[in-house]
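Trainee: Starting from the known structure of chain A, fit chain B onto it as the hints suggest.
Protein chains: 2
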Amino acid sequence: MRIALDAMGGDYAPAITVEGAIEAINEWDELSIILVGNKEEIKAELNGRNYPPSLISVRHASEVVQMNEPPTVALRQKKDSSIRVALDLVKSGGADAMVSAGNSGAVMATALLVLGKIRGVDRPAIAAVMPTLKGLFVLIDAGANVDCKPLHLLQFAIMGEIYAKNIFNIDVPKIALLGIGKEDVKGNELTKEAFKLLKNSDINFIGNIEGKDIFTGNADVVVCDGFVGNITLKVSEGLAEAITKMLKREISNRTTGRFGYLLLKDAIKSFKKKTDYTEYGGAPLLGISKPCIISHGRSTTKAIKNAIKFAGEFHIKGVIEVISRDIETKMREAEEIALKK
Amino acid sequence: MRIALDAMGGDYAPAITVEGAIEAINEWDELSIILVGNKEEIKAELNGRNYPPSLISVRHASEVVQMNEPPTVALRQKKDSSIRVALDLVKSGGADAMVSAGNSGAVMATALLVLGKIRGVDRPAIAAVMPTLKGLFVLIDAGANVDCKPLHLLQFAIMGEIYAKNIFNIDVPKIALLGIGKEDVKGNELTKEAFKLLKNSDINFIGNIEGKDIFTGNADVVVCDGFVGNITLKVSEGLAEAITKMLKREISNRTTGRFGYLLLKDAIKSFKKKTDYTEYGGAPLLGISKPCIISHGRSTTKAIKNAIKFAGEFHIKGVIEVISRDIETKMREAEEIALKK
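Protein chains in written order, with our numbering: chain A, 16 to 356; chain B, 16 to 356.
Only chain A is shown next, with the shape it has when bound in the complex:
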């Protein structure tokens, strides 16, 4: 498969993006990558590196969307941005999927404009993967839609179910609604209404899940609006970092601790691997008509490499085709059930 990589996206681009692309090409077969962005800068990074030249090509884009620019600026004033050119490649069939660690709001807005939504989807959502004690879960929406209606949450649940079935290979994924108490009467106006819709749909809805329980592994898909989802994702990231720092500080305060740390190095490394977002690569924009993967702004080489791998998997497994096939039927069914009640 052919991946269009936004080589200018992310805090450490283009050095890290080019390096991630080379590592991906050297690690996986049946892959080719189009690096999109400033060709001089990209070629300077490629210079002297060891990779099969037939599998990495460069597509020039004269502009870069900055991390703090509003999506409207990207859309109106930067029509030759690396984000836009990469998405155009996917649209024209020149690439199967797009990966960007750049401004996620701009990627979302440009993807909506260039690629459009899957028919039947009201609001595309970001599906982020997070670790649990047993494995992984999908958090949807992790930040695309800050103000949602109950029906949007139902769509996120349906898309999350399709994701978990096809990417995690779970036959009947457990879907939960992120809330502040298990009972259906607990929640805000949005989640109380969404609870009814989810309960009356044919997905395997296990009810509300509280924040403290999302890491137990009891739910495969956790549904929420994009504001709450973004805060959940970022609080988790910030706390994991803070805990690692606090532990290191505690350890370095102690002589025996330093010795203990050496003994523990492997354990801490393995733990960090399990909680490290870079292992999971990227988060797809579910509901967009072609594969479009957002990677973390602070992506490392490994994160870019894994996002490229994930984009390939997402394309091959045909997640978008399943959503296209099922979303309208499932939404119609849910609406019919809701009307009957």
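Where hints are given, some of them may not hold.
Put simply, identical chains are the same to the list, so a pair is met inside one copy or across any two.
Claimed, not checked - Below, a list of computed lysine-lysine pairs in the DSSO-like style, where the Cα atoms sit at most 30 Å apart:
1) LYS54 with LYS214
2) LYS332 with LYS263
3) LYS164 with LYS214
4) LYS197 with LYS214
5) LYS260 with LYS197
Just so you know, the hints here were simulated from the structure itself, not pulled from any lab data.
Mentor: Okay, now just chain B, sitting in the frame of chain A:
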């Protein structure tokens, strides 16, 4: 000071509540405690224990509000609950403050009915304390009000500022709004409007703070609605527990790890102390006319002991008196500034 303790509140009551009360009495001077609840059960727990009998008394209450009961049930059907009787004691002047690890929704609703709000406060809020790399911060609202208006968030900010000044002894606390991006244009409808109000008020508003930055210690007070606040609190609690479990699992998988763990025991203990909610005791209902402290449902002896200590500190420092004195003026000022813009 005299603390009315809901002896029946919490998952391990009355064993843990009675034990926490005895430890508090034995540890701090100028304290007396009224244990409120089923007198037979409480006396059975007190039996044979070592404590000054003049400092612990028992007040009978025939009913207990269960953890999953809606607040309306507590209000209408359980008029002799331990929560109600403890709050009646505070109202009548028989106690200076109330502490409960029971059903927090029921405590809030009953406190509103029995003690009422401070004049000028629209919505009392839960002010929870959380750890950072540098110290502590206050999260307000941590769960009392699930659907808020921008003006409520301004009130939470003002009450949080008073809390941080008086309890943390910070002259000019830094107040931030929990959001999804630093820029004022980022957020949902609620936070974008609240941002303007906070910016135009005379509090030391440092802008939006993202989830990943709340643990850095850059903000002393983090303001949000109670739905987002509860999820932030619970996600943090759940993740800290999951990380501890994952680390222990990684360690026990390794022979050298076990040895390392022994060496590290002190470091891990000290780290746990810093991230352990039981150290911070309880969260006050800011905006209620008398001191009313909510403790965690899973409170241990130490958590109850610290909540009692905190209730005393909260009473002595006169936080409620400062809120009563300042809230109306500060809200009027904020409204005048907003009107002028």
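Trainee: So, for every hint listed, does it hold in this structure?
Mentor: Do the hints match the structure? See the list:
Taking identical chains as interchangeable, the C-alpha atoms of LYS54 and LYS214 are never at most 30 Å apart, the minima being 52 Å within one chain and 43 Å between chains. Within a single copy, LYS332 and LYS263 get their C-alpha atoms no closer than 41 Å, and across copies no closer than 36 Å, so neither meets the 30 Å cut-off. Proximity of LYS164 and LYS214 under a CA criterion of 30 Å is satisfied in both settings, with 16 Å inside one chain copy and 29 Å between copies. Taking CA atoms no more than 30 Å apart as the test, LYS197 paired with LYS214 passes inside one copy only; the shortest distance there is 13 Å, against 36 Å between copies.
For the identical chains of this complex, LYS260 and LYS197 are inter-copy neighbours only, at 23 Å across copies versus 33 Å inside a copy, given an alpha-carbon limit of 30 Å.
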